[in-house]
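One-letter residues, chain by chain:
Protein chains: 4
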Amino acid sequence: LPCRPCNEVRVFVINTGGTIGMVIHDDVLAPKANALVQSLRKLPILHDKLYAQNTCLYDYYGRNNTLVLPLSKANNRIVYTILEYKPLLDSSNMTPDDWVRIGKDIKDNYESYNGFVILHGTDTMAYTASALSFMCEHLGKPVILTGSQVPIYELRNDGRDNLLGALLIAGQFVIPEVCLYFYNKLYRGNRVTKVDAASFNAFSSPNLAPLATTELDITINWDTVWKPKTTARFQVSTELNQNVGLLRLFPGITADTVKAFLQPPMEGVVLETYGSGNAPDNRPDLLAELRKATDSGIIMINCTQCLRGTVSASYATGKVLMDAGLIPGGDMTPEAALSKLSYVLGKKDFDLNSKKTMISENLRGEMSAELDGAKLCLSDS
Amino acid sequence: LPCRPCNEVRVFVINTGGTIGMVIHDDVLAPKANALVQSLRKLPILHDKLYAQNTCLYDYYGRNNTLVLPLSKANNRIVYTILEYKPLLDSSNMTPDDWVRIGKDIKDNYESYNGFVILHGTDTMAYTASALSFMCEHLGKPVILTGSQVPIYELRNDGRDNLLGALLIAGQFVIPEVCLYFYNKLYRGNRVTKVDAASFNAFSSPNLAPLATTELDITINWDTVWKPKTTARFQVSTELNQNVGLLRLFPGITADTVKAFLQPPMEGVVLETYGSGNAPDNRPDLLAELRKATDSGIIMINCTQCLRGTVSASYATGKVLMDAGLIPGGDMTPEAALSKLSYVLGKKDFDLNSKKTMISENLRGEMSAELDGAKLCLSDS
Amino acid sequence: LPCRPCNEVRVFVINTGGTIGMVIHDDVLAPKANALVQSLRKLPILHDKLYAQNTCLYDYYGRNNTLVLPLSKANNRIVYTILEYKPLLDSSNMTPDDWVRIGKDIKDNYESYNGFVILHGTDTMAYTASALSFMCEHLGKPVILTGSQVPIYELRNDGRDNLLGALLIAGQFVIPEVCLYFYNKLYRGNRVTKVDAASFNAFSSPNLAPLATTELDITINWDTVWKPKTTARFQVSTELNQNVGLLRLFPGITADTVKAFLQPPMEGVVLETYGSGNAPDNRPDLLAELRKATDSGIIMINCTQCLRGTVSASYATGKVLMDAGLIPGGDMTPEAALSKLSYVLGKKDFDLNSKKTMISENLRGEMSAELDGAKLCLSDS
Amino acid sequence: LPCRPCNEVRVFVINTGGTIGMVIHDDVLAPKANALVQSLRKLPILHDKLYAQNTCLYDYYGRNNTLVLPLSKANNRIVYTILEYKPLLDSSNMTPDDWVRIGKDIKDNYESYNGFVILHGTDTMAYTASALSFMCEHLGKPVILTGSQVPIYELRNDGRDNLLGALLIAGQFVIPEVCLYFYNKLYRGNRVTKVDAASFNAFSSPNLAPLATTELDITINWDTVWKPKTTARFQVSTELNQNVGLLRLFPGITADTVKAFLQPPMEGVVLETYGSGNAPDNRPDLLAELRKATDSGIIMINCTQCLRGTVSASYATGKVLMDAGLIPGGDMTPEAALSKLSYVLGKKDFDLNSKKTMISENLRGEMSAELDGAKLCLSDS
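Residue numbers (my numbering), protein chains in the order written: chain P, 2 to 382; chain A, 2 to 382; chain B, 2 to 382; chain H, 2 to 382.
The calculated label-pair distances, taken between Cβ atoms and stated as ranges, are:
hint: 1; chain 1: P; residue 1: ALA36; chain 2: B; residue 2: ASN202; range: 28 to 36 Å
hint: 2; chain 1: P; residue 1: SER238; chain 2: A; residue 2: ASP27; range: 40 to 48 Å
hint: 3; chain 1: B; residue 1: ASN363; chain 2: P; residue 2: LYS50; range: 50 to 58 Å
hint: 4; chain 1: A; residue 1: ASN76; chain 2: B; residue 2: ASN363; range: 27 to 35 Å
hint: 5; chain 1: A; residue 1: SER369; chain 2: H; residue 2: SER369; range: 39 to 47 Å
hint: 6; chain 1: P; residue 1: TYR52; chain 2: A; residue 2: SER369; range: 47 to 55 Å
hint: 7; chain 1: P; residue 1: GLN264; chain 2: A; residue 2: ASP324; range: 26 to 34 Å
hint: 8; chain 1: A; residue 1: ASP324; chain 2: P; residue 2: ALA210; range: 40 to 48 Å
hint: 9; chain 1: P; residue 1: THR225; chain 2: H; residue 2: GLN54; range: 48 to 56 Å
hint: 10; chain 1: A; residue 1: VAL29; chain 2: B; residue 2: SER369; range: 45 to 53 Å
hint: 11; chain 1: A; residue 1: GLY141; chain 2: P; residue 2: ALA36; range: 56 to 64 Å
hint: 12; chain 1: H; residue 1: TYR52; chain 2: A; residue 2: THR232; range: 53 to 61 Å
hint: 13; chain 1: H; residue 1: GLN54; chain 2: A; residue 2: GLN54; range: 22 to 30 Å
Think of the hints as simulated: they come from the structure by calculation, not from any bench.
Even for Gly, the Cβ is constructed at its ideal location relative to N, Cα and C.
Isolated chain P (complex conformation) (with noise of 0.2 Å):
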């Protein structure tokens, strides 16, 4: 076979499922299998027919889930070929088997593509992108989660935008992260949260400027994109500890709900405080519970209920939680705190104390640095 063009590029899509690819049935949606490709072949945007006959580029690829898309500004061709998940997911039934899965595709087809797109449900696709983002060691392309609000299939729907502007990005930019595109916007995937049930705009990222954003051009904002440290391999690490939770504290919270939830085999909890990581330091009978936890090995993160904000090693608000053994989160989301205990938790090899320290670094751009000590120079009144 001849070689393909030198401009075209390469992208992997792993459809695992979601409202994306939906269609309605007895006024409910549900995920169709084996549909999207032949829909988006129709989709003069987003599949070049003419090109792909003039370059044989099924004979090429010898399958028919592979597409290409009209030739971008920077005259490249983005060449995708989607791996469609049997059966379709939706993602409130996505569990962290199927993280393991994506992480092997995104492994698999590591080096015959440039970067990589995951069509998911927005419902998890926080809780997915940042068990990715922490699984996925020494990444070196770009692996974009997107989804819509809408079905593809529908007349007005934010499926189509979302998915090109991902597989444009996917193609053309070597950002080395797990991200999460979403109406214009590109966000590192263990900062969001889903936030708007019923808005295209349903995604914030509180704690940390977008990556790029894509309005009348592609803008990235390459100061904030995370630099690798090492030129180690990519690997996918696949071992993740279930045994983890989330409790969210409230007022008259009882001992008895809290030791409930912190039995065997709970191993890993975040614990979901007031404002910058505040518990009641007035109730020995709850931080007792929280000592005997984290003494017995369980380890506890301590995480704001707030969108914005940090729970810091340096506050002294938070003090009890830190006599009682829980880790400062800084400004983790809970989504990126529980997948990264997930994670840390995976590491057979490691010892309690090790994986401590692991939870209390920041390993993907997951946190950000410690401020306090510039913040006290500048800061007064």
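Since chain P is already given, all that's left is putting chains A, B and H on it; use the hints.
Here is chains A, B and H on its own, set in the frame of chain P:
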């Protein structure tokens, strides 16, 4: 004693504690007893010493905890009396017992004052505001919670303006609601959530516009203000059920975790679900635990994890949870849903079905009326 | 010929030009004649080829400029006919003569269509929308201007969604206004201004909330939509006076500059003043020129330079300008005020006083009703 | 006299007038002479009476216009001396002569103070800030303009916090720029524009992020703060050319209007164009007038009417205006462009070409560096 000037209105202030009245000791912020009134007396913005002397204010009220604002634009004099709790409470330490105490103090002083201001820490202010909104039955006067991110004793702080604005509204406008006032906005109390741990603009009311803004003028959005439906006498419901909790779904949550959380004496649970109220429908083990719980009489409300959005009875996506006996929570915040459970479960004379009906109804403006009928007519594409 | 299917609604589209239909020639964007319809035919989102063939759409309408959208959610078929102007116009080149032409084309096709969409460049779209809002008297159907920041021929663009949304609203909702639709929001046409030269979210309606939002659903804010006050027959006023201008105050502006600007044949001027309508009151030379102008019959409107805000007749600050004969412009945009002048000054049968009265009245929702009375009651402090 | 305590820093305050110091007379706000210092003395937030007495502050400074803030967080004492202009000026009445006076007063006191605060009305504050930014050459200390929307004598006002924040920054941070401080944000002075006539949040810096925010802490964005490029001695350029003006394009503008506006003695004009700097290219009469003007030595700058956006030399769309001799104004505000013209045209020793070069260069951070080269590499699609 002579009559007071006829342009005087009276506001009752309860100082429960919180950052607004804290001072730094050994690098830690802590509340300082008996200090606030002394401090306010020295601030001409918040106390008109000359007027107090000229009108024998102290003689008349016979106590040293009464202050008076300078003349307002509308030529009113707001005379306010401060009741300080001993000990002052960090809001992290607030419990339902404290809510009851506040409620009783409002009740005891209800007839003698035009309005009420509750000084409170920001960390759990949204919980307290929600709880009081339910406990206060047939409320006909404003009850406004406020506080600050920076103590009023510091040079630059938001406490002065927050207290002043709350007093001006409580004294001059008949807004028969439990409200929260912060950074020049007045919100319905059971609609807010703390979204920022480090900004003056700390609260958000994601699903309802503010009741008022205080910029150049105080502008009340009367269309949004709650209209009382009865002329029944004001009372405070003080029976709160504390066997309630918040459980947040996450991918991979185990049935064991759910089971542990739902074990007795749990009686009411807010399940924080995905998006528009979604949960895994391929997890019979999980759904069985939920079903078992609701069968046993636990009342469960389906609320979304998203900051903005609605869990509707007419969406099919949350169908498995309705089948499992959960009640759709509409656009209630988790804080409102949790305290609504406490309030409704405290109604000992009501049977389970009546309680479930109350939960699904809009009691205090905490949820938006079901708009789905209307929406279906208008929506399209 | 047989009848058309009864779920068909018809929209008339006028393509005046603008970025939406431009292509790059020699590094410069320029409009391309006779290309838009051909291009839309190839986009399945914007044309359902199969339906057109099956229902003999082309035979029926006997022309090659009619297209049909895929079935909408409400089971409507929007059939739209495109009239393309020759030559296509960059919106920088639009003049009042072009507004007249658009008005006449709406009039000529008024009875045969359910709604109207005007494709237009973004640069002067707010001016055209304002002008048409006044010219269209007793309008009973939607007239929606839209366009895009990136040409519809480019890979990633906002033209497809803007056109699609405008068609869906124009065909399905009886909003009897001249509107502007952009980036999922429908605005009243005489309330918008272009605020961003480089973002998809290019327009703002600073003093009035959008008429509709198109996210997961199309949600119309019916409370804001204009309610026609007469059942008079629709007509288009085509006499526009072009002797009008915008003059912006700045510190140090000389009386000479003002005098030069106001010399004949000037007949109407929007003076862009400071803040709430302020001008220097210590500049007798300047004020004398303004007085001279209004004495000579020039109508002058006082509008603010600020994006948001109101010039009120009841504020004392603008008193010197009222004394100089200027009419307070309320919260009108400069675009609306200027085209209102063109429209009112074109009414040859009206005397000067009638014209001044029209200028000070709210004709098409372009200014908010005077709220000062109400405000005085509510405001304080 | 003894030395002053070593933690004292000195700020020079110029009270030019404006709303912050106004009182209501006969329903009209007007400035009140000699009142501000008296009023501030009574506000414990803004004056520490006890400290002043204990340290013989008045004796030392020998005047009655010096005050001192309470101790700051950083243990500094900000001693500030107020120079009040007679008469106090409504900012609508400000002229370039007043800018010169302010500049001279800064110059005269430059060596004795750590920083400068200018109290000023909001209406033309953006113009004055822009003008001072150019006039102050080789500035090495902060000059911060502030004011308020509500007088400091009123109960609820924004003047106290604005003045306090400006003093704290001016006294404690070496930000060598003319800045504007309002509602907890510090902006570069030549980047702001007044966008709201009736909100505390009155200013916007549409094309540059704030230099600092003052929430729980004062956080300086040092990356954005201007870095002086020379160590030349501070001086104030007081020759301002007043034969300048702003002319806003609108559809149908006549060549007569343009010609009238450009007649002598006009020497510099900011043309407010459409979008990214566009003007009609089918209007030879109009373009001829512009050409004639630039040929005759008038310097014209092309600025956009849009709040956000850039007029770039590399966009073809503004080509006709470059051909007509206009200089692309980048992302300068109209206020900055106008005062830059005044400043540059006042340089009598410079020839026309040198002046044009200065206009096109970034002198004080008033425009963003040309990013088009960089953008071309990154952008696509």
